[in-house]
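A.B. asks: Construct all of the structure, not just a fragment, from the sequences and the given hints.
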Amino acid sequence: EAQVTQNPRYLITVTGKKLTVTCSQNMNHEYMSWYRQDPGLGLRQIYYSMNVEVTDKGDVPEGYKVSRKEKRNFPLILESPSPNQTSLYFCASSFSGGAGNTIYFGEGSWLTVV
Amino acid sequence: EDQVTQSPEALRLQEGESSSLNCSYTVSGLRGLFWYRQDPGKGPEFLFTLYSAGEEKEKERLKATLTKKESFLHITAPKPEDSATYLCAVRTNNAGNMLTFGGGTRLMVKP
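Going down the list, the sequences are from chains A and B.
Mapping of the first sequence onto our numbering: residues 1 to 114, in sequence order.
Mapping of the second sequence onto our numbering: residues 1 to 111, in sequence order.
Don't take each hint at face value.
[Said to hold, decoys possible] In silico negatives: residues of chain B with every beta carbon more than 12 Å from chain A: (1) 11; (2) 15; (3) 19; (4) 20; (5) 22; (6) 24; (7) 38; (8) 49; (9) 54; (10) 65; (11) 67; (12) 69; (13) 70; (14) 79; (15) 81; (16) 110.
[As the list claims (entries may be wrong)] Subject to a maximum C-alpha distance of 30 Å in a straight line, what follows is the list of computed DSSO-like cross-link-like pairs (lysine-lysine): (17) A:65 with A:17; (18) B:79 with B:57; (19) A:57 with A:71; (20) A:65 with A:18; (21) B:68 with B:57; (22) B:79 with B:63; (23) A:69 with B:42; (24) A:57 with B:69; (25) A:65 with B:42; (26) A:57 with B:42; (27) A:57 with A:17; (28) B:110 with B:79; (29) B:69 with B:79; (30) B:59 with B:69; (31) B:63 with B:42; (32) B:59 with A:57; (33) A:71 with B:42; (34) A:69 with A:57; (35) B:42 with A:17; (36) B:69 with B:57; (37) B:63 with B:110; (38) A:18 with B:42; (39) B:79 with B:59; (40) A:17 with A:69.
Calculated directly from the structure, the hints in this document are not laboratory data.
Owing to the predicted nature of the structure, the values given are computational and were not obtained by experimental measurement.
Here a beta-carbon is modelled for each residue, glycine too, at the ideal position from N, C-alpha and C.
C.D. replies: Structure, rendered in structure tokens:
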């Protein structure tokens, strides 16, 4: 079954404590990205990756890091989380090239920073 | 800057009462318009892609249409299980593979 898998699904952490949200896809997709979803602001892209070792900033990259060392994995790193990073995070993937390639989303990771 | 606006923000329908959701966009070089369904606490689920004005796609009770300025998601004889938030997104020449999302329409269908 085609899947984008995120972990953890739910996390409460404290300000400044580094955390990583993992994302893995089993569809051999080149393109992967991270979004955050906030009430009233909709879904906004944080970072994306067109392929292994190729990453770039989205609309709201401040406070986040990513890496793409393998095609299937695209972890999101919060080096020093702050309360304004409390949000619902989604990982997404698709084949690259072609405007119509469907983007598939994971189930989401609820992150609360206190 | 690409902009996507969805209306209404929320829509309450009786079961069987057909209606339409609107997605208007201002973009530079549309490469595709996408409709997603999102259930509470879940990731967006792909519904349709539309590429050019005049195009239509259908799936069960849903039909998506596209003009040069907006897209409509028509819901015919909705059922309670159609209750969800419907998201519209565009992919443009400005933004590579990134999707720019609208704020969504929260649909509630009462039995």
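A.B. asks: Each of the hints needs a verdict: does it hold here or not?
C.D. replies: Tested hints:
1. 11: 17 Å, holds
2. 15: 28 Å, holds
3. 19: The claim holds: residue 19 of chain B sits with its nearest Cβ about 21 Å from chain A, beyond 12 Å.
4. 20: 20 Å, holds
5. 22: 15 Å, holds
6. 24: 14 Å, holds
7. 38: Incorrect as stated: the minimum Cβ-Cβ distance to chain A is 9 Å, not above 12 Å.
8. 49: Residue 49 of chain B is in fact no farther than 12 Å from some Cβ atom of chain A, at 5 Å.
9. 54: Holds: least Cβ distance 16 Å, greater than 12 Å.
10. 65: 17 Å, holds
11. 67: Residue 67 of chain B clear of chain A: closest Cβ-Cβ about 18 Å, beyond 12 Å.
12. 69: 18 Å, holds
13. 70: At about 17 Å from chain A, residue 70 of chain B clears the 12 Å cut-off, so the statement holds.
14. 79: 24 Å, holds
15. 81: Per Cβ check, residue 81 of chain B is outside 12 Å of chain A; nearest 19 Å; holds.
16. 110: Label holds. Min Cβ-Cβ 23 Å, cutoff 12 Å.
17. A:65 with A:17: 14 Å, holds
18. B:79 with B:57: 20 Å, holds
19. A:57 with A:71: With a Cα-Cα distance of about 18 Å, the restraint between residue 57 of chain A and residue 71 of chain A holds, given a limit of 30 Å.
20. A:65 with A:18: 11 Å, holds
21. B:68 with B:57: OK: residue 68 of chain B and residue 57 of chain B at ~16 Å, within 30 Å.
22. B:79 with B:63: OK: residue 79 of chain B and residue 63 of chain B at ~15 Å, within 30 Å.
23. A:69 with B:42: Holds: residue 69 of chain A and residue 42 of chain B sit about 27 Å apart, inside 30 Å.
24. A:57 with B:69: 28 Å, holds
25. A:65 with B:42: 24 Å, holds
26. A:57 with B:42: 24 Å, holds
27. A:57 with A:17: 23 Å, holds
28. B:110 with B:79: 8 Å, holds
29. B:69 with B:79: 29 Å, holds
30. B:59 with B:69: 22 Å, holds
31. B:63 with B:42: It holds: about 23 Å lies between the C-alpha atoms, which stays within 30 Å.
32. B:59 with A:57: Outside the cut-off at roughly 35 Å; violated.
33. A:71 with B:42: The hint holds at about 24 Å.
34. A:69 with A:57: Holds, at about 17 Å.
35. B:42 with A:17: Holds, because 26 Å separates the two Cα atoms, which is no more than 30 Å.
36. B:69 with B:57: 17 Å, holds
37. B:63 with B:110: 20 Å, holds
38. A:18 with B:42: 25 Å, holds
39. B:79 with B:59: Roughly 14 Å between the alpha carbons, so the hint for residue 79 of chain B and residue 59 of chain B holds.
40. A:17 with A:69: Holds, at roughly 23 Å.
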